[in-house]
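Asker: Sequence:
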Amino acid sequence: MGEQKQKEANKAVFIFGKKNYKFMFIGLAFIALGFILMSGGGTDDPNVFNEEIFSWRRIRLAPMLVLLGFGIEIYAILLNPVKK
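All the letters of the sequence shown, read from the start, carry residue numbers 15 to 98 under our numbering.
Incorrect hints may appear among the rest.
What the hints assert, rightly or not - Derived CB-CB ranges, DEER-like:
1) Met78 x Phe39: 39 to 45 Å
2) Ser53 x Lys25: 40 to 46 Å
3) Val27 x Asp59: 53 to 59 Å
4) Ala43 x Leu92: 18 to 24 Å
Calculated from the structure, these hints are not laboratory results. The C-beta atom is built at its ideal place from N, Cα and C for all residues, glycine as well.
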């Protein structure tokens, strides 16, 4: 009987539940997508200015996705996992 209690005490307990980790991975995907959309727009010649750096995708969409991803991460951390 003492062995049973010891096995239960040594069982790994995660801080977050499955739902928390799902939201964390979704948030990470949003953050990664935002940074991917922000990249590029440069030029090989430093004397040539490229207007593509000021596109709607880089100025508006990508930062909104990154901020949304961080918001999802905060939600995932604060979400109470379902305890049985």
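Asker: So, for every hint listed, does it hold in this structure?
Answerer: Evaluation of the provided hints:
Checked against the hint of 39 to 45 Å, the pair Met78 and Phe39 fails, with Cβ atoms roughly 20 Å apart. Taking the beta carbon of each, Ser53 and Lys25 are about 44 Å apart, inside 40 to 46 Å as hinted. With their beta carbons about 58 Å apart, Val27 and Asp59 fall inside the hinted range of 53 to 59 Å. For the hinted restraint 18 to 24 Å between Ala43 and Leu92, the CB-CB distance of approximately 19 Å keeps it satisfied.
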